[in-house]
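Visitor: Below, each chain spelled out in residue letters.
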Amino acid sequence: MPDVALRDIAVGPSRHLVKFVEADGALWALKELPPRIARKEYSVLRQLEDLGLPAVRPAGLVLQPELGSAILVTRYLDGSWQYRRLFMRLPPNQPKHRARLFDAMASLLVELHRHGVFWGDCSLANTLFSRDGQILQAWLVDAETSEVHPTLSDGQRELDLQILVENVAAGMLDLAARLNRPPELSDMLIAEAQDIQNRYQQLWEILHTEPVFGFADRYRVEGTIRQLNDLGFAVEEVSLQPVSASPDKLRLNVAVGDRRYHAQHLRDLTGMDVGEGQARSLLGDLHTYQGQLCREAGHDVDESTAARLWVMEVGEGQARSLLGDLHTYQGQLCREAGHDVDESTAARLWVMEVATPTMHQAHAAVGYTGTAIQAYCDLLEVRWLLSERAGHDVGTDRALAALSRDVIPTDSAAKMAVVEIPTAPMPAIQLDDP
Amino acid sequence: MAEITIKNVFKRYGDGFPAVNDVSLDIADGEFMILVGPSGCGKSTLLRMIVGLEDISSGDMIIGGKRVNDKAPRDRNLAMVFQNYALYPHLSVFENIAFPLRLQGKHSNEEIRKLVNDAADTLELQEHLERKPSQLSGGQRQRVAMGRAIVRQADAFLFDEPLSNLDAKLRGQMRTEILRLQRRLGVTTVYVTHDQTEAMTLGDRVAVLKKGVLQQVASPRELYEQPVNLFVAGFIGSPPMNFIPAVLRDGRLELPFASIPARPEWTNVAGEGQLLITGIRPGSFEDASLVDPGKAGRGITFDVTVDVTEWLGNEQYAFVPYEAPTDIAAQLAELAHELDSEQMRTQLCVSLDPMSRVPAGGTATLWLDPSRIHLFDPKSGENLTRGSAMASSEPVASSNR
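In order, the protein sequences belong to chains P and H.
Take the first sequence: its position 29, counting from 1, is numbered 136 in my numbering, and each next residue is one higher.
Take the second sequence: its position 193, counting from 1, is numbered 244 in my numbering, and each next residue is one higher.
Certain hints may be false.
Unchecked claim - Listed next, the stretches of chain P that the computed footprint assigns to chain H, with coverage defined by at least 3 CB atoms under 8 Å from CB atoms of chain H:
#: 1; region: 135–147
#: 2; region: 184–195
#: 3; region: 279–288
It is worth saying that the hints were derived from the structure and are not from the lab.
Remember, it's a predicted structure, so these values are computed and weren't measured experimentally.
Ideal placement from N, C-alpha and C gives every residue a C-beta, glycine not left out.
Make a model of the complete structure from these sequences and hints.
Guide: Here it is, written out as structure tokens:
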């Protein structure tokens, strides 16, 4: 191990203190544990990595037999932060931001459970968050008590959920006490924490429902798939089984895949690799743009063509002429081939022309904190909120100005950019729980 | 408060493998029951079936007279202690204990105050309720976590290896706290561990499991002195019992290092020329020169060559290698594997008085009381002399309930 400076950061109540190390140009989290637990946690984290689940990635295990302990090394999750950081930087009582946080936790638990992972100690302190468009992505960072099974029983899921609710409620009450919030807030925090169970149940049911319908109502298959896709889930396999009791009825069974439906679609169209929540925002923008193109062109423009143009649109003054060129080219192609312009050209153009340049402007507007993609998603949200308030489209420039001066609605997802402001310089931490 | 009855319970996984294989166990109201065994023995699975985390493939789980097989965990009114022992630094000790009740929403503020105060009395935390966790000692903080389980007024407490990720010092403290708490509350407790010190010190009774099959349920003392088979004999006790091949011949028990006149309880259960495995605890030997003259006559003496000695201040061990027939050596290696043990099974471990001057590499004269010898059937592993070895003439630990 290289000779590096260690710094203790009190990040919450924990059984084992985590230390952070900067080495080889990267940040690493180190946790000292009894060897048996360390081996177990390392193995669980490896399995979570194999399953592609949102969890901190294990980097190694250092056994120290002479000390009777071991050190678990994990990669620091870039762009992630603790819940405390968000609420300590926001004005008091932010139910919408809390709702985003709890949605992320419920989604994480559903993702773990449907892959057979029992967490055992899900709490705010054991979770990291990262921004993903207008939503948050939650990451498991402590697997000391976790187990991976082929499937989980209802009892295991129920207990895990109960632990989550208790821990989240206590974590929020603790933070409220730390920030001297009025005690009247407690009942609201408890009710919100309990509501995580409903968020979890709703999502679980959508993913596991096996609706039965008549043979003539097969169109409902599409409705079910669309609902899953809208939530971001890819559908891997669909099967229809006749119900033995009534042969004219069918039972639908859907094998649900990763929650990257929009991300995968955007990547196919443009090559951009972003989070699911970001992809949803960007696809929304792309579709608006596609509508605009259709109006201008006077005929249908397919999604992939629009995608390429979207990327180009806000380019350095060449956008319009390129667009013109492309329209001419597209018309030519259409006449010659009798069909629309090919997909890949259009998508590449969209990336170059619309997304990339505006993305850089948006990133500059937020002082280059966070990622350019996220800054662009924030810009889109701000533009939409301001337009809604104004009753007409305020345009990108006004939205950029609002974003750069931070005069945006307090409960907007864009406001969560406060977590991305760098922490240095920072006052010394008071160790109130050594 | 409730008794827990486990009747012919099986847990089979998809591949048909029985993780828990026909286990029946009665846990009395107020009893402290330990489930112990090496990893993979099914102890945690059994606990999870009691709590409702694992479905039961067949058999009955009865808690407080009611069959709970199909009941959700929250409807079983059990408390998993230390499932969650994070303390919240900005909440008072009172609130740290009270918050599970606040979440349940079933109790008035008045009731919560009473439940928390009662728990604080039991845990001797009364004076600390308004303080923050950082103002408490390590042991007191652990008691706050126990308080959370107490205020739920559960019918039984369940512990799943609660101390396994604590350091040795805290583990010792916690063991005492758990025992004290259980005695005070008299609540039925099931405690899973792989640590035999916890098993022996905490339990009224200990259930030893191997590959999903219950081997023996008995008081710690009885397990130590009257193990039913090689597995239990090898699992309970540290350092573990010595297993030595022997043959009954011409009225004598022939061991690799000694020949002992046969006792009636041996010839009653084993025939002439039969190959046996003898089990002798390290503490059954003594340095012949230091044996109390009052009992010296009860034993036999023999000379061995000591390979290594380990002097630990308050105790001393000497190791004596011996030759074992190949088939017995293979069987002992298999047993060591089943026990998760790295102990070399073809050397004798002898516990000696720390004052003993037995030289490493030299010859020592050892004393052994033959009535402390167990004989096991090498095929079945069954203890042939159970109930007849000297252990039975000593007072067996009464249940300390």
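Visitor: Now tell me, hint by hint, if it's right for this structure.
Guide: Against the structure, the hints:
Proximity of the region 135–147 of chain P to chain H, defined as three or more residues with a beta carbon under 8 Å from a beta carbon of that chain, is established by the 4 residues found. For the region 184–195 of chain P, the stated coverage by chain H is violated: 0 residues have a C-beta nearer than 8 Å to a C-beta of that chain, whereas at least 3 were required. Under a criterion of three residues with beta carbons nearer than 8 Å to beta carbons of chain H, the stated coverage of the region 279–288 of chain P is upheld, 5 such residues being counted.
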